[in-house]
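Visitor: Start from the sequences, fold in the hints, and give me the full structure.
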Amino acid sequence: MKYLISFDQRDEPFRSCLQDLREGIRSVCPVFDMKEMGMGERFVILIRLRKWMDEKQRDRIVWQVGKILTRYICDHLEPKWISKMIQSSHHYFTKQEIRQIQQQVLEQLETSAWECQQVIYRSRREKLEKQITGFLKENHHIALDGFVSFRLKAYRKTLMACVEEAIQAYRLKRQYHEFIELLRMFIESRPPKIGLVHVIHDNQQFHVLKSDGTPVLDKDLEPVFMEMADQTASQKDHLMSILLSMTPERIIIHTTCPDENVIKTLMQIFEGRVMTCDGCSQCQPSARPFLEDA
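Here full-length UniProt numbering is used: position 212 in the sequence shown is 212, and no number is missing along the way.
Hints are computed from structural coordinates only; laboratory data are not their basis.
Keeping only pairs whose Cα atoms sit at most 30 Å apart, straight-line, the calculated DSBU-like set for lysine-lysine is:
#, residue 1, residue 2
1, 56, 35
2, 193, 236
3, 173, 84
4, 80, 153
Between beta-carbon pairs, the in silico distance windows are:
#, residue 1, residue 2, range
5, 257, 130, 36 to 46 Å
6, 202, 88, 47 to 57 Å
7, 18, 59, 20 to 30 Å
8, 211, 257, 19 to 29 Å
9, 139, 165, 28 to 38 Å
10, 165, 51, 42 to 52 Å
11, 146, 33, 23 to 33 Å
12, 59, 236, 51 to 61 Å
13, 12, 257, 47 to 57 Å
Yeah, the Cβ is synthetic: ideal placement off N, Cα and C, and Gly gets one too.
Guide: Here it is as structure tokens:
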């Protein structure tokens, strides 16, 4: 029994997989013949198995071939496809941005399960291996470029969906950083209206106190920020309106959840002005009665 693997002569990267292919087959079958030859514009690999091999041995060899071809598709072809997909649909990304989005897609692919025909696969590598080995069991000749073009349409469609999702996530992340930078510039352009405020974070509630322990009220805010505070039902937006209006020199956040997103955002906007405290002895005494009563 023999198997033929052919590919375009111009596909130089695939030649680097030949040694992996040979060693992979040898790991499950020490005795076999493998020849490589050029045929016009094609390069052909002929794998000849011994007649006495049983079906289990042949299946192990086919599985090894499928594994090597899958590795080539995922490690060599996928990055090129992803880069082209990004460039073809969004021409304005820089090379660095394309690499960042490409890396995000590849990381997502490596950590995601795949579903095909109501079967759940641990990864797209497992799905591809299953698809390639199934093809080789029925067809002993696989033209790699043709297989990729015509047998992996659903796979590439899913890949495109992953690219679009990564692009959307990248845009949101970029918009977030631009928004943070805009607020940071706004803060830096304004003189402080107060020296120190305490932000008390308790059970998803935020309270802002002056250094003497009295609460900052909406009437203390500038009109535009007072209007923003009145119109929002979000505790986080209300907190942001107060701090942007007061522009304090220093902010002490009393919290047991310093990794919460809103606190990280405050640290970015008020860079160098924020410190967190979980109730240590260095807290201003004026904040303690509030914490005890909460």
